[in-house]
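Chemist: Protein chains in written order, with the numbering used here: chain A, 937 to 1317; chain B, 937 to 1317; chain C, 937 to 1317; chain D, 937 to 1317.
Simulated from the structure, these hints should not be mistaken for laboratory data. Misleading hints may appear alongside valid ones.
Note: identical chains are not told apart, hence a pair may lie in one copy or across any two.
With a Cα cut of at most 20 Å, we get these calculated EDC-like pairs of lysine to aspartate or glutamate [what the hints assert, rightly or not]:
(1) K1313 - E1157
(2) K1299 - E969
(3) K1274 - D1288
(4) K1313 - E1257
(5) K1274 - E1171
(6) K1313 - E1133
(7) K1299 - D1034
(8) K1274 - D1264
Number of protein chains: 4
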Amino acid sequence: MRQRRVCVVVSARPSYSRVKTALQAMQAHPALELQVVATASALLERYGGVVHMMESEGIPITARAATVVDGHTPTTMATSTGVALLKLVSVLENLEPDVVVTVADRYETLATATAAAYMNIPLAHLQGGELTGSVDEKVRHAVTKLANLHFVSTPRAAQRVLAMGEEPNSVFVTGCPSIDLAAQIKNYATDRRRLLEPYGCPDLRADYVVVLQHPVSTQCEQAQRQMLETLHGVEACGVVAVVFQPNEDAGSESTARAIAAFRAARHGDRFFYVDNMRPMDFLRLLDGSRSLVGNSSVGIRECSYLGVPVVNIGSRQLHRERGANVLDAPHDRAAIAKALGRQIDSGRYARDALYGSGGAGEKIAAILADVSLSIEKSFAD
Amino acid sequence: MRQRRVCVVVSARPSYSRVKTALQAMQAHPALELQVVATASALLERYGGVVHMMESEGIPITARAATVVDGHTPTTMATSTGVALLKLVSVLENLEPDVVVTVADRYETLATATAAAYMNIPLAHLQGGELTGSVDEKVRHAVTKLANLHFVSTPRAAQRVLAMGEEPNSVFVTGCPSIDLAAQIKNYATDRRRLLEPYGCPDLRADYVVVLQHPVSTQCEQAQRQMLETLHGVEACGVVAVVFQPNEDAGSESTARAIAAFRAARHGDRFFYVDNMRPMDFLRLLDGSRSLVGNSSVGIRECSYLGVPVVNIGSRQLHRERGANVLDAPHDRAAIAKALGRQIDSGRYARDALYGSGGAGEKIAAILADVSLSIEKSFAD
Amino acid sequence: MRQRRVCVVVSARPSYSRVKTALQAMQAHPALELQVVATASALLERYGGVVHMMESEGIPITARAATVVDGHTPTTMATSTGVALLKLVSVLENLEPDVVVTVADRYETLATATAAAYMNIPLAHLQGGELTGSVDEKVRHAVTKLANLHFVSTPRAAQRVLAMGEEPNSVFVTGCPSIDLAAQIKNYATDRRRLLEPYGCPDLRADYVVVLQHPVSTQCEQAQRQMLETLHGVEACGVVAVVFQPNEDAGSESTARAIAAFRAARHGDRFFYVDNMRPMDFLRLLDGSRSLVGNSSVGIRECSYLGVPVVNIGSRQLHRERGANVLDAPHDRAAIAKALGRQIDSGRYARDALYGSGGAGEKIAAILADVSLSIEKSFAD
Amino acid sequence: MRQRRVCVVVSARPSYSRVKTALQAMQAHPALELQVVATASALLERYGGVVHMMESEGIPITARAATVVDGHTPTTMATSTGVALLKLVSVLENLEPDVVVTVADRYETLATATAAAYMNIPLAHLQGGELTGSVDEKVRHAVTKLANLHFVSTPRAAQRVLAMGEEPNSVFVTGCPSIDLAAQIKNYATDRRRLLEPYGCPDLRADYVVVLQHPVSTQCEQAQRQMLETLHGVEACGVVAVVFQPNEDAGSESTARAIAAFRAARHGDRFFYVDNMRPMDFLRLLDGSRSLVGNSSVGIRECSYLGVPVVNIGSRQLHRERGANVLDAPHDRAAIAKALGRQIDSGRYARDALYGSGGAGEKIAAILADVSLSIEKSFAD
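Just chain A, same shape as in the assembly (with noise of 0.2 Å):
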């Protein structure tokens, strides 16, 4: 029997960790003939040169589709998902998958989706139903209308897919396989020491926090302004910080601008700075830290299953579910230095199934190997 062709779209460091055991699950899978197609900022050594991170990990690119267009603004964003759908169409036109898998709620999730639906191709969407307050929630949401599987993390999630009239066979709570990442740190004896070495930053003696802090695309012209009270909130506890670039997105030009404001107005030797890092070692990095500092939906999925405090700032995960871990703080110095001296002082909390506890990428693998593909559905009413 001819396996099934299935073409996942991956396209930024953060898609990537949320969808790799998946990636791994359909290699190995005896009935799964896996296409991967690398576009948008994953072919970006700036953000991460998550095509050679994919390749060095054993996950071959089968085609590459260039389409981030520059400037990071709201025009820019919706040409890049003009360039990307063009692209995308002319890679699935010569792919010819039997199924496609799109992750998340980024303009290239949102492009592959509007390639598969128009190109009658099923597609499978991860991480549907969830909420994040901007322009990425309406993306997610509307991917979840095109699309015809998904495969969501919590139960909550799945409630709002079902009340959008998805068919409830197609919906399937598979956990998040970023958590299946999380799971696989638990075994590996941390030496949070020696993690930052290949980044050139010193030894990791003193406890410390971990700042990622993406621009809000709705926000764009405060995104620097925000960024700068996150740093000096953090400078405000005393404590050793390690800051992290942001996604590439509207406004993500203001945020690396306040970043490198921040470094060359300050020399103090308590904060560091990485552009990039392999996602098990930021893992690690996270599981040894006092605390994450910003808005990166890390804090609300992988932190909770780690334990790891959480000071999460502003809208961008506004209505997104989260554990105990999470402690909200506007975009204001003194309330992030408030929370974050809260978060330091509890130190770890218990671990939190929320979005899954590990076996994602299997279950989507094996469902994907068996499912019905249809590109037919129904609003269930």
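Following the hints, put chains B, C and D in place on chain A, whose structure we already have.
Modeler: What follows is chains B, C and D alone, placed relative to chain A:
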């Protein structure tokens, strides 16, 4: 006070019909500045020269965007969406509207919605929440999730939009502006006999039916056979028939080929072929007919208001709300002939206000002038 | 040693005819790996289903790129070029050829050349240096300036390519591969009477002429009148005529409309209409005809080799090198009738090797296998 | 009489400098209506915010087209050309100019030329016929073959444009408008010491040189090493140096990386880094310098007029006409240091009018107002 700039994207003959009275009401409204973008098949002569029709009806075109990729295959539809997206981004980049209006469920609708969402421009969608059973329905609901304001036709459609998590104060049951046109033709003394003269057809003295059938893009390889079944079914009834060309869609070449083959093979004087007709004349033609045969939403929508019997064929309108005037038939000539016979015998139905009863265009313009515009929204659980 | 990957972009019926023997020779060459990209009207059924023809003739398609934007206006031609460029970049991004081959002067030719030039892939161009008097000629010469290797048809064309500053060792006078096909049909016993049978046309017993006229894209608003003049001119000669559809170009809808109107208005049994024909059959049809009427380059090129008289109408081939077999006429029915009368009287011309005498395809393949490939070149003052 | 609509596409800092006086002259000309389209890196902050500069200098932007695809690889440059083409088609579709003006040799230049050629809009090209030795030169000459009017800088460039078959009455030796700016700065009393203050640099009291080096897109993998050789070569001379960022091009990230690495590793106070400078200030800075080092065409062009010594490195300006002020060096730090030493010793050169002596902008505007505009042209054998 500066007028609100409302940018309406018109992309095809039917979408013009469904928004025409709204365009007129926006033009007339003192607080609104109307921008009209003509795109997709609205720019193509063989789909009825919609731009000329609009200009002759006093609706000036602000910008154009030629986007239809030839071939009418799933691949070309996806490609067209990409071209439409890139061109509409360029148009919106330069028109800078305060709100964008998009209609129904076509690929240009999705391209418009995607552009607006990423460009942080509030988006209003007409005709959300309806069910149609193909990629169009996926797109319709995806657009709902990208939109900020919803002008829906029926309370049932409103319910679905709300079920999908839209905020109650963003959903307005205005009825469909297409019914406004149907309400207007009631004022004409219909001299149906002369209606076809400008289209090169002779006097319509006999009773007649109207045939309008579009390809279903998820079944586009069957479009030719499906159209032939319909034509043969109508012929079996021995009735005069006025046959229209399908919309531009994946499969429309096959549908057109079926019409051409049928036309070439038969020389009966009971079938007339019309490429295109002014919307008001088309409604008058319908209003004077014994039945509409095919799968156009006009049968569900305007004919319900007019009380014209409809033989609705196949799955295209499967789950759509319909009035008592609609009788379903499969793609089978005998079944079509039988259903058409029953509808001709039944005669006129009572008027049904299911999709509205006039005034929708003015309601939409009034709301767009007054409503608070925002790109933010929350999933209403 | 790794085979050289040669990627040939085939975009239309005529460009396939002009490259077919080269494709066959590349397939057969042990040092070459052939990649064929089908794009533009080669993918459209109504322009002759070139991809099916290629596959049936043993040329497999490596990748496809649907690119033709509908409308046949100057705007849509420019848009198509952009779509072709984006899709061909994606195709080349994934095929990674060592050299790209592009043919003649169409917008896909320019898109191919632009993609290759910026992607640092050496580019070979067929049929540079010829004169045609419209946007096509601009594009032909622009492609020459983007190309690294030039396979030209005539010494005069070579002179022009050199005058434009190309390096002498990059220019090869191979003759045109289309003449290879013309040379092959001489081996057939032409039974022209049965040639039209597969196309639904009856026996061709009488003497006949062939009509093939394309719109001139810089005069596209006159295309309809120009075609009508030709048809009326031919009719005035009282001869049997086989009329072909035009290429896909700005204005081709108008040309087709003229043919349809002429056909609808006349019921003479002396005019036959053919949508499309296999290239070899078309050459045999030409070879058996009394004259070719229109503005196709086939009249200049293959007919010169075959010795078939040609009435060449209008400016499309204005400055093109031609043999004694070509008689010019303006877009005027009386002048066309007069010229056609003279050509019918004159009878067959002597064979002229102006555009080659066979073997061009093999020469091109041999050169591509041996030549040093580079993206660098200097203007040869 | 209606004004002629002249649409000038401005795409980068250098192309603005080369067309600025022409824009001003067109604005002032009573017979011309100026339309300015800002595209490509002109819209990007990190390439100097050209649009803000233009607006502050009284040149309003008529339309915008964001087009730069991120990555600076050959693939992304080709992709950018496709995006530029689609967006410029949309812009021209709506601006409807009588003539389009495009400058020099960038991908946006080719996109503009392609759009105009297919849209039947006459095209004027500035700076045709020059030699630069990379893909840029291919593009420059391809644009010449697509253009209808040629405003060239030197008689030698005119000769080449004519050799390529352009009609003599379409070629105008106006000189380069960039020299108009150089002529204007002679009127300033150059207080070079305060020039760098607005850019955060201290007083420039010492003698200094200016470093400006771009990647060569056909050698983009060597860009980083090439830039480092230059910086080390300059350092070896012990001179104060003002270092500028490269243009946006394939390889420019590597060039920028070299600058950043050099800057991070050295803490000498003799190197100053400037992201961007107003063109007039840049010319004044050059005029006050001991030498320009790098491969910018400014060295060939403006510096020849100013008499500033230039060390021209590598192949980027290989075949370009140059004055006595230019001394070539390979990408080798020792050779660069030696050449720079010689230029510093030689001191100022005599002014050379090779590329013009002022008034070019006004000549161009006057010709555009008077010349007969046509899209037709013939190859002048």
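Chemist: When no copy is named, should K1274 and E1171 be tagged within, between, both, or neither for a Cα gap of at most 20 Å?
Modeler: This pair counts as within: shortest intra-copy Cα distance 11 Å, inter-copy 49 Å.
Chemist: If the cut is 20 Å between Cα atoms, do K1274 and D1288 qualify within a copy, between copies, both or neither?
Modeler: Neither, since 24 Å and 63 Å both go past 20 Å.
Chemist: With 20 Å as the alpha-carbon cut-off, assign the pair K1299 and D1034 to within, between, both or neither.
Modeler: within (18 Å within a copy, 42 Å between copies)
Chemist: How would you classify K1313 and E1257 at a CA-CA limit of 20 Å: within, between, both, or neither?
Modeler: Between copies, since 17 Å is at most 20 Å while 28 Å is not.
Chemist: Check K1313 against E1133 for me: Cα-Cα at most 20 Å, and say if that holds within a copy, between copies, both or neither.
Modeler: Classified as neither; 51 Å inside a copy, 43 Å across copies.
Chemist: Indicate which option fits the pair K1299, E969 if close means a Cα-Cα distance not exceeding 20 Å: within, between, both or neither.
Modeler: Only inside one copy: K1299 and E969 sit 16 Å apart there, 41 Å across copies, limit 20 Å.
Chemist: Give the relationship of K1313 and E1157 under a CA distance limit of 20 Å: within one copy only, between copies only, both, or neither.
Modeler: between (40 Å within a copy, 19 Å between copies)
Chemist: Regarding K1274 and D1264, is the shortest C-alpha distance of 20 Å or less found within a copy, between copies, in both, or in neither?
Modeler: Only inside one copy: K1274 and D1264 sit 11 Å apart there, 61 Å across copies, limit 20 Å.
The structure shown violates the earlier hints numbered 3, 6.
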